[in-house]
Amino acid sequence: MRHLILFAAAVALPVSAAAAGEPVYFYKAAVEREAFAGDLAQCLDLAKGVQAPRMDVPYSPNLYAVAVGAFLAGLTRSRERRHMIDNVLRTCMSDKGYRRVEATKALGKELDGLAEKERVERFYTLASAAEPVGEVLPQ
Amino acid sequence: MRCAILVAAALAFAAPAAAETLKKVPAALNPAKAYILVEYKLQRNPFANFPGSRKTMPLQAGLAFARWDSAAGDIRGMGKAKPLPAGEQAMEGFRNKPLAKGEGTRLFLIEVEPDTWVVEAFGGTSFSLGSYIFELAPGTVTDLGVVTAENDWAEDQEAPDGAEILAAAMAGPFGKKPDMAPFRLTFRPRAADDLPVPAGIDPATVRPVAFTPGAKFGNYTGGLVNRIEGVNARLKAAKAE
Chain A
1 MRHLILFAAA VALPVSAAAA GEPVYFYKAA VEREAFAGDL AQCLDLAKGV
51 QAPRMDVPYS PNLYAVAVGA FLAGLTRSRE RRHMIDNVLR TCMSDKGYRR
101 VEATKALGKE LDGLAEKERV ERFYTLASAA EPVGEVLPQ
Chain B
1 MRCAILVAAA LAFAAPAAAE TLKKVPAALN PAKAYILVEY KLQRNPFANF
51 PGSRKTMPLQ AGLAFARWDS AAGDIRGMGK AKPLPAGEQA MEGFRNKPLA
101 KGEGTRLFLI EVEPDTWVVE AFGGTSFSLG SYIFELAPGT VTDLGVVTAE
151 NDWAEDQEAP DGAEILAAAM AGPFGKKPDM APFRLTFRPR AADDLPVPAG
201 IDPATVRPVA FTPGAKFGNY TGGLVNRIEG VNARLKAAKA E
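From first to last, the protein sequence lines are chains A and B. FYI, in my numbering the residues of the first sequence are 1 to 139. FYI, in my numbering the residues of the second sequence are 1 to 241.
These are calculated hints, taken from the structure and not from any lab test. Among the clues, some could well be false.
Stated by the list, open to error - Only part of the chain A face toward chain B is listed, based on derived beta-carbon distances under 8 Å:
1) 46
2) 50
3) 51
4) 64
Just so you know, these numbers come straight off a predicted model, no measurement behind them. Where a beta carbon is used, it is the ideal one built from N, C-alpha and C, also for glycine.
Isolated chain B (complex conformation) (with noise of 0.2 Å):
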C-alpha cells in the first residue's frame, strides 16, 4: 500500500507541468512553453451612478482556452476527437492573476502547451457556435491584444435594474427570474493608450494572434452558449443593415 502511494506520487510530480498564470514576466521564456498575452477590458459598472460605487466591475470572469483537435474539428480529448496523453491538461481555466493593472484593464500572461488553441468559453458562457482557434508556438508570446465582453442581450431582453435585482432577492425561488444573456466577446489589436507589452518580454518574440474563426464543439464546461461575436449582435446589426 505505501509503495502504491509513493508510486501515485512519483507519478504527479513526473507529470509534465500544468498551464500557469504568470504573476510576472519570467526572466527567460522556457523554449518549450508558449506564452498568450493578453489584456481585459472591465465591464462598466451598471449602478456606477451610486454614490461611492466603483466605475468598473471587478474582473470576476474571463477566457478559458481548449487545446484544438484540427482533424477531428473539436476539442482535445472531447467528443469526437482523441484524448491526450496522459498528464497534459486540454483546456486551461480563467485564473484571476493579473500580471499587470491599469485604469479599468487587466493584463494576463499564461504560460501554455505550444499546440493549436481554441477560445472555449468565457465566464459561463461556451462558444460552441463559433469560435476563433489560433496556433502557439514554442518559445514565443502570442498577443491576443485587448478583449472587452458584453451581455449578448435578446431582442426583448436588458440588463436587470437595481429595483428587479433586488425583486427576485426577496421574492426568492418562487419570484420572476431575471433575464440572462451569454457573453459575447470583441477582441482588438494593442493601441498606443493599452497597457504596453511588458518590458521584461523580448519583443522579437512577440507576435500578433491570427485568428481563425468558425470552430463549432459541445458544451463541454455546461454553460449557456453563443457565438464569439454573439448571435443576438448579429441578428441586430443584419436588421439595422
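Here chain A stands alone, though its shape is the one from the complex (with noise of 0.2 Å):
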C-alpha cells in the first residue's frame, strides 16, 4: 500500500512542473514492471531527503508585519521544496533512462475518473507501454 501511495505521489508530482495540467508520467519502452519500480523507489528515496533553504523573515515590531513575512517566507520555501522535488526525480528517473510524458488530454480525462489503486496501475501499464501516449518531453 505504501508503495502504491509512494507512486501516486511520484505521478503527481511531476504534474505540477507542467503549468497546462495534464498529468506526466515517466515512461520506458518495455520496461518490465520490477525494474520500474525498483527505479522509482530509488529516485523517490532521493526526493524525499529534499529540504529547502531556510527563509530568513526579517524583523519587524509589528506583529502583523512578521506573521505575513512569516506566512509568505513559508509558501516560497513550499515551493521551492517541490520545484527542487520535481528536479530530483527528473534528474534521477533520466538517469535510469526513463522519458517524461505529458499525456493526451483524452488519457487525461480516463484517469481522472479511476480510482487511485486502478490509477496507479494503469500508470504501470503506461510507463512499459510499447509507445507513449501523449507528447514526449524534453529530457
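Take each chain as given, in its own frame, and dock them per the hints.
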C-alpha cells in the first residue's frame, strides 16, 4: 500500500511542473514492472531527503508584519521544495533512461475518472507500453 | 550538575580534532592526518558585460567530502554503513578559507582523517547518482587537481537572464520560478598555468588523486541530486555522437 501511495505521489509530483495541467508520467519502452518499481523507489528515496533552504523573515516590531512575512516565507519555501523534488525526480529518472510524457487530454480525462488503485495500475501499464500515450517532453 | 558539566567539557576537549581547512601550509605535515589539495576555477559572472561588473563569481560553494564505507557501499554512519566511533566526523563540508588566490582560481588545503573518502556534494547538489571515491594515506597530500563546477541544465532549460531573475523577485512567491539545475563537476590534473603546489609542501609527500567512479548513496545533504559528470551533460553528449 505504501508503495502505491509513493507511486501516486511520484506521478502526481511532476504534474506541478506541467503548466497545462495534463498528467506527466515517466516512460521507458517495454520496461519490466519490477525494474520500474525499483527505479522509482530509488528516485523517491532521493526526493524524500530534499530540504528547501531556510527563508529568514526580517525583524519587525509589528506583529502583523511578522505574521505576513512568515506566511509568505513559508509559502515560498514550500514551493521551492516542490520545485526541487520535481528536479530530483526528473534528473534521477532521466539517469535511468526514462522519458517524461505529458498525457493526451483523453488520457487525462480517463485517469481523472479512475480510483487511486486503478490509476496507479494504469500508470504502470503506461510506463512500460510499447508507445508513449502523449507528448514526449524534453529529457 | 557542576561535575557533569566538567566531564562534558573534558570529553569535548578529549575528542579527536575535527577536519580543518588550512589558511597556511603547516611547518610539518601531521603524520596521523591526511591532506587534500584542490584548486577551484571560479564560475564566470553571467552579468560580466555590465559596466563595472566582475568577470567571475565569488566562491560561495565548494566540495563536501564524506568518509566511505567500501564494504557497505555507503557513507560512514549513514544508511546501511556502520557508524563511526564517537567524536569522529563522517563528513567534511566546505569552508571558504583559501590557502592561495590566483586570477579566477582559489587553492585549498584540507586536513582530514586518513581513510577512503567520496566527493559527496558541491553547493546544493549531492552526487548521489554516481560520484568518485579516493584514498587518503596518512602523512601525504593528495592533489585532486583543478575542479570546475557548472550548472547541468536539462534539454529545455537554461540559466535565467537578468530580466527573468528581476521578474521572479518582483512577483515574489506567486511568480513563475526560474529553472534550477544541479551542479556537475570536472576534475583535471594540475597544469603549468595553474596555481603551483605551495612551496612549504614537500613534493615527495604529494601524490595525484586516483578516483574510482561509481559510488552511489542517499541524498544526505537534502539538495538536488546528480551524477558528478552530470546526467544532462551525458545525455547531451550521447545525442551529439
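Violations among the numbered hints: Violated: hint 4 alone.
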